[in-house]
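Put chain B on the given structure of chain A with help from the hints.
Chains A and B, in that order, give the protein sequences. In terms of my numbering, the first sequence opens at residue 1 and continues consecutively. In terms of my numbering, the second sequence opens at residue 1 and continues consecutively.
Heads up, a few of these hints could be off.
No farther apart than 30 Å at their CA atoms in a straight line, the calculated lysine-lysine pairs in the BS3-like style are these [as the list claims (entries may be wrong)]: (1) B:K3 - A:K150; (2) A:K150 - A:K23; (3) B:K150 - B:K316; (4) B:K150 - B:K23; (5) A:K150 - A:K316; (6) B:K3 - B:K407; (7) A:K407 - A:K3; (8) A:K150 - B:K23; (9) A:K23 - B:K150.
Source of the hints: derived by calculation from the structure; they are not laboratory data.
Number of protein chains: 2
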Amino acid sequence: MVKINPDRLLSDLRTLRTFGTYKTGVHRPTYSDIDMQSRRWLVERMTDAGLTATIDGIGNVIGRSPAPGPKLLLGSHVETQPHGGWLDGAMGVIFAIEMARAVAEDPALQDCGVDAAAWADEEGHYMSFIGSRSFIGDVTEAEIDGVESKHDGTPLRDALASAGLAGLPRAVLEADRYLGFLEAHIEQGPTLESMAQKIGVVTSIVGTWQYEIIAEGIQNHAGTTAMSLRRDAGRALIKLAHAIDQHFPEIAAERSVWTVGGLRLEPGAPAIVPGLARMLFQFRDADPRQLARFAAAFDDLVAAVAADDPCSITAKQLSASTPSLMHPGFQDALSAAAEQHVPGLHQRMPSGAGHDAQILANVMPTGMMFIPSIGGISHHWSEDSDEADIVIGGQVLATAVGDILAKGRA
Amino acid sequence: MVKINPDRLLSDLRTLRTFGTYKTGVHRPTYSDIDMQSRRWLVERMTDAGLTATIDGIGNVIGRSPAPGPKLLLGSHVETQPHGGWLDGAMGVIFAIEMARAVAEDPALQDCGVDAAAWADEEGHYMSFIGSRSFIGDVTEAEIDGVESKHDGTPLRDALASAGLAGLPRAVLEADRYLGFLEAHIEQGPTLESMAQKIGVVTSIVGTWQYEIIAEGIQNHAGTTAMSLRRDAGRALIKLAHAIDQHFPEIAAERSVWTVGGLRLEPGAPAIVPGLARMLFQFRDADPRQLARFAAAFDDLVAAVAADDPCSITAKQLSASTPSLMHPGFQDALSAAAEQHVPGLHQRMPSGAGHDAQILANVMPTGMMFIPSIGGISHHWSEDSDEADIVIGGQVLATAVGDILAKGRA
Chain A
1 MVKINPDRLL
11 SDLRTLRTFG
21 TYKTGVHRPT
31 YSDIDMQSRR
41 WLVERMTDAG
51 LTATIDGIGN
61 VIGRSPAPGP
71 KLLLGSHVET
81 QPHGGWLDGA
91 MGVIFAIEMA
101 RAVAEDPALQ
111 DCGVDAAAWA
121 DEEGHYMSFI
131 GSRSFIGDVT
141 EAEIDGVESK
151 HDGTPLRDAL
161 ASAGLAGLPR
171 AVLEADRYLG
181 FLEAHIEQGP
191 TLESMAQKIG
201 VVTSIVGTWQ
211 YEIIAEGIQN
221 HAGTTAMSLR
231 RDAGRALIKL
241 AHAIDQHFPE
251 IAAERSVWTV
261 GGLRLEPGAP
271 AIVPGLARML
281 FQFRDADPRQ
291 LARFAAAFDD
301 LVAAVAADDP
311 CSITAKQLSA
321 STPSLMHPGF
331 QDALSAAAEQ
341 HVPGLHQRMP
351 SGAGHDAQIL
361 ANVMPTGMMF
371 IPSIGGISHH
381 WSEDSDEADI
391 VIGGQVLATA
401 VGDILAKGRA
Chain B
1 MVKINPDRLL
11 SDLRTLRTFG
21 TYKTGVHRPT
31 YSDIDMQSRR
41 WLVERMTDAG
51 LTATIDGIGN
61 VIGRSPAPGP
71 KLLLGSHVET
81 QPHGGWLDGA
91 MGVIFAIEMA
101 RAVAEDPALQ
111 DCGVDAAAWA
121 DEEGHYMSFI
131 GSRSFIGDVT
141 EAEIDGVESK
151 HDGTPLRDAL
161 ASAGLAGLPR
171 AVLEADRYLG
181 FLEAHIEQGP
191 TLESMAQKIG
201 VVTSIVGTWQ
211 YEIIAEGIQN
221 HAGTTAMSLR
231 RDAGRALIKL
241 AHAIDQHFPE
251 IAAERSVWTV
261 GGLRLEPGAP
271 AIVPGLARML
281 FQFRDADPRQ
291 LARFAAAFDD
301 LVAAVAADDP
311 CSITAKQLSA
321 STPSLMHPGF
331 QDALSAAAEQ
341 HVPGLHQRMP
351 SGAGHDAQIL
361 ANVMPTGMMF
371 IPSIGGISHH
381 WSEDSDEADI
391 VIGGQVLATA
401 VGDILAKGRA
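Bound conformation, chain A alone (with noise of 0.2 Å):
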């Protein structure tokens, strides 16, 4: 059986902690001085783990193992939200080192080997997995012209530049090279823990779906201004939101999620009738059924408001994933492993976070298990989770990680 060493894990993620250090979280973001650092770190750590290790052109840090056998690709993200967690992307790098220092270590494995990743900006400082997208050969140099910061509008290609990559290549899927895509994270969510329980393993990551949503009005003085004379496009926005919250719960699934993560009114000041309004909404589902249901009801509700509304209001469609079913194979492994080390205390589980597995999914088989999140708390520095779990869930991984190996001979 494939070991983990608790003591090198735990050690390995403390040391990334202090790469952005804030309040108990870490504030990371992709292509910051301080995330570079953090991704030459890896580099160091992945060498040291007997892998040839890289930083690509997009900032994947990838480190290739010289085995000669069946191979896994294992990894995860290691920017952060902003004033993020520590573990979010932080976890999922450190295990797959672990697991390829575990597998070089393990006697009965010595021709299989694990390859390690750190994806790019899976947490959409610039866009959301553009470093897993980039390795299955998804994105153009022509898409990356056309990013830039969300935060303050840099061109991603001079991020790129101040963070020393322009130039490099790109890493790029090697056919045949993986048996497939395993990644480990935090739940960021409540489920686990409420349930008592140790390992979720993943069966599909949800889809997302997301849009912007505009309102014109006219902005105009809140005292003189009629309210029968009033284009108000926050008004408008609001009643879109609420109509919504009305008729979304009437229409959902039993683990369907919908957002409204922000909602802007301009000029935004007490005494101005609001000119313009901007609102951010999203909903998830694991069933692409369920997402078209969600979207016709969406699109149905702005065109009610819109119709008796004096604001024009158009909703533009940001992005649209498809759920991403997980390897069932894939699964059996992680919950015979589970199984075997936490007897009955394991789960099978959709993901409603969207993760980098979800874009090797397209390419290969993959799979990916959660562990238990403190409160479910998720997005915010105060994220955290037990070192227990973390190590139950290292050993949980390397023991499906052997095991699908040694499968792989075959």
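Below, chain B without anything else, positioned relative to chain A:
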């Protein structure tokens, strides 16, 4: 009859527009360099008009007439809204200076005089009406110590020091100096234009009650947090805003207005359930009983939404001004002057916007006069009025000023 010099009046107005030109409007925040330049220029213009002019310790520019007989105080404000219009405030200040000149030039009124004032910060970059409130003795040094910029938090004390005003005395109303106060202003609404009228004689200035509402929930991941477990601060305030828009029309008076001017969800990202939301809400009416009715309804709605929502919701009243009645004799003088110059093309109307006149009305007879706003647009750089309407307004005001001064001898 007191006669204005239209070219002189328009020339001064156009010059004032050059201090902080932004597109066809003006950006002249209180105490900024450009604002202080405009105040020093006003001192020159007032001095040229035969007034003894100074800038006081809060930034008020006040020019005093040497006339021994009856005197009126006229004025408005000179700073603008951010990227605001060229006439909002500025016109009333230049009118005041032109009235001082025109009265001084009238052989029949040689014993009479007009003092001119540009009150500081009516627009509330630091604190609305602080200049006129200071003049009526309503502002303590301790209050000044506690005020800071609404834009960047600069303490008012620092702004006053940077503007060269630290340590200067604040001008205070001299008892019995004036027959009263008059302010001319653009309407900032569409009523006069839509009825093809030239002059609005203000009957009262509405009271404005203003609130900040904060909802506190729990920030979490928008994909992994089940709908039933969410404490979505944005959803809570969207519910409240929608409830207001449903209920307020049922209890509103004919000219009541209410506005959600600001609504912010934090952190405002598409994939994060907002943990905090802030809303700015205000309502206005000329009738104190209507204001009380709205306040009670608002409190009830906040309580109802809070009772039914997992977020904590708190509403803080930021301000509550009482409606100000304009002096009946001044209304009559303005109406008679309007009837003389533009027969039938004037009406009495409340002011939906706040003005320095509501502050001065606390201590002396006060009147206010509007000219039409093109398209009713206000608090925006595209605000404008026809020059012909400006000239008509100036002449109507001059006639009323002459009438009031002449009667003031008795």
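Could you tell me which of the hints above the structure violates, numbers in ascending order?
-> When the structure is compared with the hints, only number 1 turns out to be violated.
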